[in-house]
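J.: Here is what each chain is made of, one letter per residue.
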Amino acid sequence: MRAFKNLREFLQLLDAEKQLLRISEEVSLEPDLAAAGRAITQLSETSPAIHFDRIKGYNKAQVVLNVHGSWTNLALMLGMEKDASLREQFFEFVRRYEQFPGEMEHHDSAPWQEVVIDKDVNLFNLMPVFRFNRGDGGFFIDKACIVSRDPDDWNNEDLETVGIYRLQVKGKNRLGIQPVPVHDIAIHLEHAEERGQDLPIAIAISNEPIIPVAASMSVLYGQSKYKMAAVLQGKPYPVVRTDKGLDVPWGSEYLLEGRILARQREPEGPFGEFPGQYSGGHCYPVIEIDKVSHCKDPIYEALYLGVPWTEMDYMCAVNACAPLYVQLKKDIPEVVAVNAIFTLGFIVIVSTKRRYGGFAKAVGLRVMTTPHGLGYAKIVIVVDETIDPFDMKQVMWAVSTKVNPAGDVTILPNLCIDLLDPASEPAGISHRMIIDATTPVLPDRRGNFGQELDSPQQTDDWRKKLGAMLKELRK
Amino acid sequence: MSRSESSKQGLICPRCRSGTTEVLANSPVEGVWTIYSCKTCIYAWRSTEPEENTNPDKYPESFRLKAEDLAKFPLVPTIPPLRRS
Numbered sequence: 000m001r002a003f004k005n006l007r008e009f010l011q012l013l014d015a016e017k018q019l020l021r022i023s024e025e026v027s028l029e030p031d032l033a034a035a036g037r038a039i040t041q042l043s044e045t046s047p048a049i050h051f052d053r054i055k056g057y058n059k060a061q062v063v064l065n066v067h068g069s070w071t072n073l074a075l076m077l078g079m080e081k082d083a084s085l086r087e088q089f090f091e092f093v094r095r096y097e098q099f100p101g102e103m104e105h106h107d108s109a110p111w112q113e114v115v116i117d118k119d120v121n122l123f124n125l126m127p128v129f130r131f132n133r134g135d136g137g138f139f140i141d142k143a144c145i146v147s148r149d150p151d152d153w154n155n156e157d158l159e160t161v162g163i164y165r166l167q168v169k170g171k172n173r174l175g176i177q178p179v180p181v182h183d184i185a186i187h188l189e190h191a192e193e194r195g196q197d198l199p200i201a202i203a204i205s206n207e208p209i210i211p212v213a214a215s216m217s218v219l220y221g222q223s224k225y226k227m228a229a230v231l232q233g234k235p236y237p238v239v240r241t242d243k244g245l246d247v248p249w250g251s252e253y254l255l256e257g258r259i260l261a262r263q264r265e266p267e268g269p270f271g272e273f274p275g276q277y278s279g280g281h282c283y284p285v286i287e288i289d290k291v292s293h294c295k296d297p298i299y300e301a302l303y304l305g306v307p308w309t310e311m312d313y314m315c316a317v318n319a320c321a322p323l324y325v326q327l328k329k330d331i332p333e334v335v336a337v338n339a340i341f342t343l344g345f346i347v348i349v350s351t352k353r354r355y356g357g358f359a360k361a362v363g364l365r366v367m368t369t370p371h372g373l374g375y376a377k378i379v380i381v382v383d384e385t386i387d388p389f390d391m392k393q394v395m396w397a398v399s400t401k402v403n404p405a406g407d408v409t410i411l412p413n414l415c416i417d418l419l420d421p422a423s424e425p426a427g428i429s430h431r432m433i434i435d436a437t438t439p440v441l442p443d444r445r446g447n448f449g450q451e452l453d454s455p456q457q458t459d460d461w462r463k464k465l466g467a468m469l470k471e472l473r474k
Numbered sequence: 000m001s002r003s004e005s006s007k008q009g010l011i012c013p014r015c016r017s018g019t020t021e022v023l024a025n026s027p028v029e030g031v032w033t034i035y036s037c038k039t040c041i042y043a044w045r046s047t048e049p050e051e052n053t054n055p056d057k058y059p060e061s062f063r064l065k066a067e068d069l070a071k072f073p074l075v076p077t078i079p080p081l082r083r084s
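Quick note, the sequences are listed as chains A and B, same order.
When you line the first sequence up against numbering that gives the first Met the number 0, it's residues 0 to 474, in that order.
When you line the second sequence up against numbering that gives the first Met the number 0, it's residues 0 to 84, in that order.
No wet-lab data here; the hints were simulated from the structure.
Don't take every hint at face value.
[Unchecked claim] Have a look at the derived ranges for each label pair, beta carbon to beta carbon:
{"#": "1", "chain 1": "A", "residue 1": "P412", "chain 2": "B", "residue 2": "I78", "range": "28 to 36 Å"}
{"#": "2", "chain 1": "A", "residue 1": "G221", "chain 2": "B", "residue 2": "A66", "range": "42 to 50 Å"}
{"#": "3", "chain 1": "B", "residue 1": "S84", "chain 2": "A", "residue 2": "E16", "range": "33 to 41 Å"}
{"#": "4", "chain 1": "A", "residue 1": "Q276", "chain 2": "B", "residue 2": "E67", "range": "47 to 55 Å"}
{"#": "5", "chain 1": "A", "residue 1": "F90", "chain 2": "B", "residue 2": "A66", "range": "30 to 38 Å"}
{"#": "6", "chain 1": "B", "residue 1": "K57", "chain 2": "A", "residue 2": "L411", "range": "29 to 37 Å"}
{"#": "7", "chain 1": "B", "residue 1": "L69", "chain 2": "A", "residue 2": "V408", "range": "35 to 43 Å"}
{"#": "8", "chain 1": "A", "residue 1": "H430", "chain 2": "B", "residue 2": "L69", "range": "24 to 32 Å"}
{"#": "9", "chain 1": "A", "residue 1": "A34", "chain 2": "B", "residue 2": "S84", "range": "50 to 58 Å"}
{"#": "10", "chain 1": "B", "residue 1": "E67", "chain 2": "A", "residue 2": "K17", "range": "51 to 59 Å"}
{"#": "11", "chain 1": "B", "residue 1": "S84", "chain 2": "A", "residue 2": "E25", "range": "40 to 48 Å"}
For clarity, every value in this text was computed on a predicted model and none was experimentally measured.
Note that beta-carbon positions come from the ideal geometry of N, C-alpha and C, so glycine has one too.
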């Protein structure tokens, strides 16, 4: 387990582990940066982060992409062996998650207070924002951690939320924000707007690696993301309190402070979103930035987003699986593992023991009523406890041999879904489906399931022996 | 002056073709690029981007917008009623 104090410290580790590629040629903001961010994840599942320090139009700007964009980088972030499998990362992540809550560590000052601009803010001078996809309506900040509190319970630190929402840079100090109704910040904004008040927010950019992972998790409302980050890194999470009373990460490169303007909406988008589709345009809330603080010679971190897989699909993988697993396991101890790594968990695969016939369908229903399941889990595949849900060869074997559509496919009409799901109609409403790919147990007698094959005696021993020999052979 | 030539100076919005454009920012290193923005549809572009993002004649048809399209943008999240004090 390891805690990184800031992005630079993590980049040093990636460098030492040959997981950071430094680009020395001069590059254009468009299309070079997005193209490189797209290409790097097309190469491999072990791709490095990429760092640029010669950006046309800037004297000293630095950009880093793909920091979370491979299983290797995620393993290093967790302090695990860099070849730790996805399954190993899942169970380690769950083990830490179950320690929740951790502690916050309050500091009086932070490195990002080195340079402070509180008048005539010009974001374009301060950070090299760029276009990700050709149809985007402008330049977006897409990997910032946004902090807000509930105006109705301002001093309750457990209701302080940290989330990642896309921000369109519309002016020198003006941003558009996408607070989707299923996100906690939408609750805070609603309370502020009922009062007719602006909502104070802080935007932390280029962070140590754990807070973006915690920020993009679906925890229960009232579970602090900082206290989650603390257990994930095995150390209290350092924060600094702003003048407005928001706790913000200590280890960021940039800290923007501003307000979501009460009761205002303005055209925003489109933006190439995680389902691999443009979002279309909406009238979304607007932010005014009053103050920017940053480290000297800051590094600007962004994330290329497009048709999966991109960096986001890695970053929002294990952190989608773990909350679902823990929340399910609490009520249904038979659950063995949960895979929600595909497109934020629009499809979820659960392996579970069955208490009695029909049990798997009930597990599928329960997935859909978890906080994350409310917006995702459009399709839930339930498999036996002997199937590894992270191994698609095993899952497809289960679906192809255990499913009879006559009784194993359940369609639930017109439920809620994340409005970015392009198949929803109207946006935000979709049927959902449970596929029961488990072996029926009594009193469910359907099918002709006789004796299932197992492996020959001593297969486990031979697997260990051959694995070690292969490793030696490939050294 | 042709439409393409005028777009190079940021006078016409590539997306909605309105003339309500303004200079939003200039590169910190002088003279490298300029960012323009459209006050009508809030589209923004940088002078050094590929032409399909800067030239109204080459802007992809599927991304173009008209004033009536803007009026159909869904308002999210809905604005709640003010509380009675």
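J.: Does the Cβ distance between H430/A and L69/B fall inside 24 to 32 Å?
T.: About 31 Å separates the Cβ atoms of H430/A and L69/B, which means 24 to 32 Å holds.
J.: Lying within 28 to 36 Å: is that true of the beta-carbon distance P412/A to I78/B?
T.: holds (30 Å)
J.: Per the hint of 50 to 58 Å, is the separation of the Cβ atoms of A34/A and S84/B within bounds?
T.: holds (54 Å)
J.: Okay, S84/B versus E25/A on CB: inside 40 to 48 Å?
T.: violated (58 Å)
J.: Taking 29 to 37 Å as the stated bounds, is the beta-carbon spacing between K57/B and L411/A within them?
T.: violated (46 Å)
J.: Falls inside 51 to 59 Å, the C-beta gap from E67/B to K17/A?
T.: holds (54 Å)
J.: Between L69/B and V408/A, is the Cβ distance one that fits in 35 to 43 Å?
T.: Taking Cβ atoms as reference, L69/B and V408/A lie about 41 Å apart, which means the hint holds.
J.: Range hint 33 to 41 Å: satisfied by the CB atoms of S84/B and E16/A?
T.: violated (58 Å)
J.: Does the Cβ pair F90/A, A66/B satisfy 30 to 38 Å?
T.: violated (54 Å)
J.: Please test the hint of 47 to 55 Å on the beta carbon pair from Q276/A and E67/B.
T.: violated (23 Å)
J.: Okay, G221/A versus A66/B on CB: inside 42 to 50 Å?
T.: holds (44 Å)
In this structure, the hints that do not hold are numbers 3, 4, 5, 6 and 11, in rising order.
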